[in-house]
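Novice: Starting from the structure of chain A, add chain B where the hints point.
The listed protein sequences derive, respectively, from chains A and B.
Going by my numbering, the first residue of the first sequence is number 1, and it counts up by one from there.
Going by my numbering, the first residue of the second sequence is number 1, and it counts up by one from there.
Quick caveat, the hints were computed from the structure, so don't treat them as lab data.
Warning: the hint list may mix true and false statements.
Just so you have them, the derived chain B footprint on chain A, three or more residues with Cβ under 8 Å [to be verified]:
(1) 72-82
(2) 130-136
Taking lysine to aspartate or glutamate pairs in the EDC-like style, the calculated list, with each CA pair at most 20 Å apart, reads [stated by the list, open to error]:
(3) B:K192 with A:D138
(4) B:K181 with A:D63
(5) B:K173 with A:E284
(6) A:K192 with B:D138
(7) B:K354 with B:E344
(8) A:K173 with B:E344
(9) B:K173 with A:E288
(10) B:K173 with A:D63
(11) B:K173 with A:E286
(12) A:K173 with B:D138
Where a beta carbon is used, it is the ideal one built from N, C-alpha and C, also for glycine.
There are 2 protein chains.
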Amino acid sequence: MSRQLHFNLFLHDTGHHEASWRLPESDPHANLSLAAHQHLTRVAEDARFDSVFLADSPVLWSDPGRRPAGKLEPTLLLASLAATTTRIGLIATASTSYNEPFNLARRFASLDHLSGGRAGWNIVTTAGEAAARNFGLDEQPQHRTRYERADEFLEVSTKLWDSWADDAIVADKGAGVHAVKDRVRAIGHRGKFFQVEGPLNVPRPPQGHPLLVQAGSSENGREFAAKWAEAIFVAQPTLAESQAFYADLKRRAVAAGRNPDHVVVLPGIVPVIGDTPAQARELEAELERLIAPEFAVATLATVLGVDPARLKLDEPLPADLPTEDEIEGHKSRRTLIVDWGRRENLTVRQLIGKLGGGRGHRTFTGTPVQVADTIQHYFENGAADGFNIMPAVLPSGIEAFASRVVPILQERGLFRTEYTGTTLREHYGLPRPANSLELISR
Amino acid sequence: MSRQLHFNLFLHDTGHHEASWRLPESDPHANLSLAAHQHLTRVAEDARFDSVFLADSPVLWSDPGRRPAGKLEPTLLLASLAATTTRIGLIATASTSYNEPFNLARRFASLDHLSGGRAGWNIVTTAGEAAARNFGLDEQPQHRTRYERADEFLEVSTKLWDSWADDAIVADKGAGVHAVKDRVRAIGHRGKFFQVEGPLNVPRPPQGHPLLVQAGSSENGREFAAKWAEAIFVAQPTLAESQAFYADLKRRAVAAGRNPDHVVVLPGIVPVIGDTPAQARELEAELERLIAPEFAVATLATVLGVDPARLKLDEPLPADLPTEDEIEGHKSRRTLIVDWGRRENLTVRQLIGKLGGGRGHRTFTGTPVQVADTIQHYFENGAADGFNIMPAVLPSGIEAFASRVVPILQERGLFRTEYTGTTLREHYGLPRPANSLELISR
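This is chain A alone, in the form it adopts within the complex (with noise of 0.2 Å):
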């Protein structure tokens, strides 16, 4: 078979469009309601995804008097979609700057034991003061050293996955020995970061470790991808912007000693689809007039770190920003952001209007056939291993997708037709890592 396409649905209540839960069709709830969530897995499910996924910060992320700002902890979510599920993978984001690595280890290991093997870790450091100030700091810690903590979180988080031998358990109830003793071993771990002792109080995930995901794209963020995700979900606007972090990401994978094929690269889209190009245009417009501008302006000024009042809706971007090394989170982002507006002579309300539908992600508008034609041009042209699908409306933007484009990529043999494997790391062709301290104390 073909090398295949890879499909993540990026669940966001309404859509990923700022102004989404304002339509008429949306439920203005959906991000508290468990029976949304699940018709948007059900509907990735059925068209065969790789996995859903939910972003996360613990701190209140946007203004909730804009959209709906209220979110439900995604592990004990995806843990509610595991029940209702049977094939899907149930990717959650979760950081190591505000967890406790034998905490988060133990959720991560009881997802992947209650859906079967199908959890992922999205793994963040949390960009930002608000979220510093709900853990009792002043300041946020600096990028580096955020890196370094997760560095250390995700050193001692597989070692906890790996205290328990695969063969540990072997219930033999004539003798009364549920589990072979020595072969669940305390990890003694005691770094810059964490002491900790283990042994973990779950056995062994059924994939090993769950599948280790990443999102960030500065420099520290690329290094830690390079070690560590597993499938790296990326935002950059354009396609030879998309070909550049490919190759730099597989390459630096490579200089960190593994396969690059172990690393999937999905960049984000937003799938604007429409029975004409025409028609396609006019839903993306729509979007973009209900906008409420005064709120968008707060979210930029705070990506970029200045003061919302320098931003003048009909004007370009100011010249004098605050460079990357000048701001302590969002990194990648904000230059995305500031080369976009630039490149594009754009006024701040043309740009609120391009981050609106997809906050830096590629925009994909047109006909089913259109959209197709320009995932399978990424595809096969070093730009990506799939892509994270992010509907600007949902659910209506996931059902066209699924059941419009979806087709037309199996009849080009480019996309499964029914799942092969049962765990997340089967489809998306990843190898269940050996266990670590089983290779040492053999």
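Specialist: Relative to the frame of chain A, chain B by itself:
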């Protein structure tokens, strides 16, 4: 309607008896099985139980050799169970010593939203050096310090749940306003243990606050319960001790300015049911024979704070055990066991047999009518508002209780035949708490 009994099912894979996993009927992998937990919860819901409950500690609790030791993280497991149940309450244990309030308050708020108002939190401070060593500490915080932290943890958590007003969300599509900005408020908490800015990133839970549950019976534990707990799990081996505890707790609740009816006391009982009294006693004896004594001695020694070598199977407990004041955890459990052993002049082997069945909880052994009679007697004589049902063997123990004991109590008008409410608070007859920040800001 007369005063009604309440029932909680304490979930524990193959049963609360140490050796239950060794029975021919038992699935020795039930501890990691979502299907096994779904079955138990369905039986309890079909019998109109108020709730199910999961104990927990962030450490490998028992020797993995002796019995199934791996435990799925309770908030995730209950989130899964929320998806396949509609009425029954879902109570998870979580530690105030080894979590951050922002994260934990959010998980319980999320569970409450996911389940439509069915979440409960069994608040524990987590005894033991082993747990401390999973979180960067060489020794555990003192008992008193743990309870001080727990108290502030609850203060922060309740403020976070109240940080969204009940009427914050207006979802006005036309005006583009999702929430009224000043109805979502920072909490600005600065205390001895925590600094948390807030607001929470989840709207107020359907129940206002999840049901607050507590189980420690030490002096610090009782004071904490009187202040915060709305349902209390207790372990008392005799009727007289249960009556004394019940009266003490209600008195302390009144002293704390609370309505004593809003503190529901639920003793743990181990129902062992047979067609005849002799058959029930035979089942009890069969389980005692299956206990592996070397493992049980090690567990007992940990609770008592002594070297396992000092416990001789066929001799009584040593005379010079450490006192309750001299140990830092399991304080009330230790005293209950020591008093029991001395009162009945039990050998270590006999004591282990009793503890294997109920770990200090009362065993109700007999025919269905005898078990129902004992429950009614406790309920009507100031010893209980209901019971925490801890079957020695699962699922058979809860199936027998649900099909044979519950109908007798329903016929006697002591237990509901249909749910009358939809939330966990409604099942237990507890009020939805007012919003504390609301009172201040209006």
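Novice: Now, for every hint given, state plainly whether the structure supports it.
Specialist: Hint by hint, here is what the structure shows:
1. 72-82: holds (count 9)
2. 130-136: With 5 residues close enough to chain B, the hint holds.
3. B:K192 with A:D138: Measuring from Cα to Cα gives roughly 15 Å; hence the hint holds.
4. B:K181 with A:D63: holds (8 Å)
5. B:K173 with A:E284: Between K173 of chain B and E284 of chain A the Cα gap is close to 18 Å, so the pair holds against 20 Å.
6. A:K192 with B:D138: holds (15 Å)
7. B:K354 with B:E344: Distance of about 11 Å is within 20 Å: holds.
8. A:K173 with B:E344: Given pair K173 of chain A, E344 of chain B is violated - Cα atoms ~32 Å apart, limit 20 Å.
9. B:K173 with A:E288: Given pair K173 of chain B, E288 of chain A holds - Cα atoms ~15 Å apart, limit 20 Å.
10. B:K173 with A:D63: holds (16 Å)
11. B:K173 with A:E286: Holds, at roughly 14 Å.
12. A:K173 with B:D138: violated (36 Å)
The earlier numbered hints that this structure contradicts are 8, 12.
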